[in-house]
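A.B. asks: Sequence:
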Amino acid sequence: MNGSPGTPKRRRSDEVSSPSDIPPLNLKEEPVLIPLLEDLSEWLTGNLSVEITPENFIDLFENGVLLCQLASVLHDKAIEHKNRTSHCLPLPSNRVKKWYENPKTGSFFCRDNVCKFINWCKQFGVSDICLFESNDMVEHRNVRALRNVLVCLLDVGKIGVRHGIEPSELVRMDLEIEREMELERKKPTVITQSTTPVVPDTPRRRKSRIPRKNSSMGSSLAT
7 MNGSPGTPKR RRSDEVSSPS DIPPLNLKEE PVLIPLLEDL SEWLTGNLSV
57 EITPENFIDL FENGVLLCQL ASVLHDKAIE HKNRTSHCLP LPSNRVKKWY
107 ENPKTGSFFC RDNVCKFINW CKQFGVSDIC LFESNDMVEH RNVRALRNVL
157 VCLLDVGKIG VRHGIEPSEL VRMDLEIERE MELERKKPTV ITQSTTPVVP
207 DTPRRRKSRI PRKNSSMGSS LAT
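Numbering (my numbering), first residue to last: 7 to 229.
Derived DSSO-like pairs (lysine-lysine); straight-line CA-CA distance at most 27 Å:
#, residue 1, residue 2
1, 83, 103
2, 103, 128
3, 104, 88
4, 128, 88
5, 128, 83
6, 110, 128
7, 128, 104
8, 83, 104
9, 103, 88
Calculated from the structure, these hints are not laboratory results. Since the model is a prediction, treat every value here as computed from it, not as a measurement.
Work out the full structure: start from the sequences and follow the hints.
C.D. replies: See below:
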């Protein structure tokens, strides 16, 4: 039986939202993300050789293809650094080698690409609190979802420094601040000896019940 005229068509659970159905994000809700997005866009451009800007960031990354490419590029750079320096820092055992190249927006294949990147991040050392969910990237329906993605990418960049990967400007500044704080904590506490002579304690006199002349009580009694 058909629905009555004017009844809106219900979307099936398996139907994929088109990009036009998703309203654009309003970064004014969280303006602190703007410089963060600009910084990461520049860093990603340098690693992926693709022009990435805050304006096209979501469109380029929502299908997970560039995320998988990023994991592959950073993994190669980390291996090169390890061979050059012979450091013993562990690397992810599962390198991202294959992914879906042209998945339909919002499809399972997009989520699979994003999940591959997330799993690589876990092995790379990104903490659980900095990880995001596949929906945050694929659906990106709110600013909080974008923030989760940016925080994860920042942590990837921070860990990458240990593997010889050039960091973004914000990560560099953050590491310098941490280094300065660590140096401050390690500074020995210098105790200067006081030059003031120590006066030995004198035995306490027994308090007299008779008020002194110069005391307020004595003057009041005198009057």
